[in-house]
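J.: Each chain is listed here by its residues.
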Amino acid sequence: MTESCGKVLEQLGAELGPELAEHARTCEHCQRVLGAYRTMPDAPPAQLSPRAVDAIRAQAVAELSNHPRARPWWWQALLLSAVNLGFALVGALAMGKHGLVLNAAPVFAVAGLAVLLGSVILLAPFASSDPGHRWTRTAFLVSVPLLAAAITFGGSGSSSAPGFVRGGLPCAVTEVVLWIIPGFVALWALRGSAFQPRRAAAAAIGSSAVGLFVLELHCSIGDPEHLFVFHVAPSLLLIALLIGIRSRIPSRSFAP
Amino acid sequence: MASFCQGDAQAFDALFARYQRPVYAFLVRLVGPRTAEDLTQATFLSVVRARGRFRKDARFRPWLYAIATNAARDFLRRSKAERLTAQGDAPADPAAEDTAAAFDPGLQQAVHQALQQLPEGQRLAITLHRFQNLSFAEIAEALDLTESAVKVRAHRGYERLRDLLRAVWEEK
Numbered sequence: 001m002t003e004s005c006g007k008v009l010e011q012l013g014a015e016l017g018p019e020l021a022e023h024a025r026t027c028e029h030c031q032r033v034l035g036a037y038r039t040m041p042d043a044p045p046a047q048l049s050p051r052a053v054d055a056i057r058a059q060a061v062a063e064l065s066n067h068p069r070a071r072p073w074w075w076q077a078l079l080l081s082a083v084n085l086g087f088a089l090v091g092a093l094a095m096g097k098h099g100l101v102l103n104a105a106p107v108f109a110v111a112g113l114a115v116l117l118g119s120v121i122l123l124a125p126f127a128s129s130d131p132g133h134r135w136t137r138t139a140f141l142v143s144v145p146l147l148a149a150a151i152t153f154g155g156s157g158s159s160s161a162p163g164f165v166r167g168g169l170p171c172a173v174t175e176v177v178l179w180i181i182p183g184f185v186a187l188w189a190l191r192g193s194a195f196q197p198r199r200a201a202a203a204a205i206g207s208s209a210v211g212l213f214v215l216e217l218h219c220s221i222g223d224p225e226h227l228f229v230f231h232v233a234p235s236l237l238l239i240a241l242l243i244g245i246r247s248r249i250p251s252r253s254f255a256p
Numbered sequence: 257m258a259s260f261c262q263g264d265a266q267a268f269d270a271l272f273a274r275y276q277r278p279v280y281a282f283l284v285r286l287v288g289p290r291t292a293e294d295l296t297q298a299t300f301l302s303v304v305r306a307r308g309r310f311r312k313d314a315r316f317r318p319w320l321y322a323i324a325t326n327a328a329r330d331f332l333r334r335s336k337a338e339r340l341t342a343q344g345d346a347p348a349d350p351a352a353e354d355t356a357a358a359f360d361p362g363l364q365q366a367v368h369q370a371l372q373q374l375p376e377g378q379r380l381a382i383t384l385h386r387f388q389n390l391s392f393a394e395i396a397e398a399l400d401l402t403e404s405a406v407k408v409r410a411h412r413g414y415e416r417l418r419d420l421l422r423a424v425w426e427e428k
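Top line first, the protein sequences correspond to chains A and B.
For the first sequence, my numbering gives the first residue as 1, with consecutive numbering after it.
For the second sequence, my numbering gives the first residue as 257, with consecutive numbering after it.
Since the hints were derived computationally from the structure, they do not count as laboratory data.
The reader is advised that the hints may include incorrect statements.
[Unchecked claim] Ranges of calculated distance between the beta carbons of each label pair, as one might list FRET restraints:
| # | chain 1 | residue 1 | chain 2 | residue 2 | range |
| --- | --- | --- | --- | --- | --- |
| 1 | A | L100 | B | R333 | 44 to 50 Å |
| 2 | A | A240 | B | R422 | 29 to 35 Å |
| 3 | B | S391 | A | A111 | 49 to 55 Å |
| 4 | B | R333 | A | W188 | 17 to 23 Å |
[What the hints assert, rightly or not] The list that follows gives simulated cross-link-like pairs (lysine to aspartate or glutamate, DMTMM-like), each with its CA atoms no further than 20 Å apart:
| # | chain 1 | residue 1 | chain 2 | residue 2 |
| --- | --- | --- | --- | --- |
| 5 | A | K7 | B | E376 |
| 6 | A | K7 | B | E403 |
| 7 | A | K7 | B | D313 |
| 8 | B | K312 | A | E3 |
Heads up, the beta-carbon is just placed ideally off N, CA and C, and yes, glycines get one too.
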């Protein structure tokens, strides 16, 4: 498609200027486009019955009078961030009986990952709820494998004392427990707009980061196998689960 | 739109009076008249419920068509999933048959059937451009694409339609 083809496309239905008309006369593609456009008749406009018009209007006006104040999109994101943060802090404090940080990895690695996960907890709801800036959701998706690699290989290296499974199960269970309420709040928030897999994924990443944050501070086991199987993998499963549930539940609104 | 966002019912009435007919006509093209009525209702309810999501720098018409398109996509996705669950395979689309019945026989129906053979992206670009009179910039806003991506889809779609409508074209 050349620049002139684009101009012809823009002018469909209107009189073409002499230059564009000459291009259209000699361009095989434009001939086909013009042919198709002209072949299509203007359809007689479909109309709703007056009863249906009244019913739709009445329902919309009732909704408007029930909720006269419109909340901006960021209100929902703020709420979701607060829930995520609340559960991350409560989880960290509740598990901190034997010390707030039991991760034996170097301080800069623990602090770096905790800050990274904290940022995900706080920012993912904004990326998910924002009606524009689709790239922010893409950025969160791209960050998942990087984050997974950082968690898997950023541990202390110390092995699981009570055995691989016995030492790992409590981590997976903690992650699931800490996900339940943030996950369901995310689902509630996601129903407020049309289903988009990337939007759902961004919200899911934020909710599953809650458990990862708590484990990053409290888990004393630091070998990559444990970190991948009992920290990263459950988190990925929870992300997939939330997207799957969201795709099946009806939307309250189809707004972008 | 600003007054409507503040909860002004008269402002909503003005928007509704202006857009209910084109939105319904658009949805009839996508899903057929039986479902279009329900989806028109879902579209305007979404407009009311999600008015806080409307960006101040956006235009209303593309936003409205984005909502209607999402409602139609959601319906088609769900009905396809239901058919898959029930029959284990995807048979012909009943929405397409329902839609075809909404148009007069002959040229209208031939155009409709040709449109159904296009990929969704091309079909939406052409339907919004040719029948809803949206500019390519508005279509790009509604479908969350770049304007050049929409133009490429429309251009390819019109070219393909020309082949699909060859018989009609030769009769004319």
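J.: Quick check: which numbered hints come out false for this structure?
T.: 2, 5, 7 and 8
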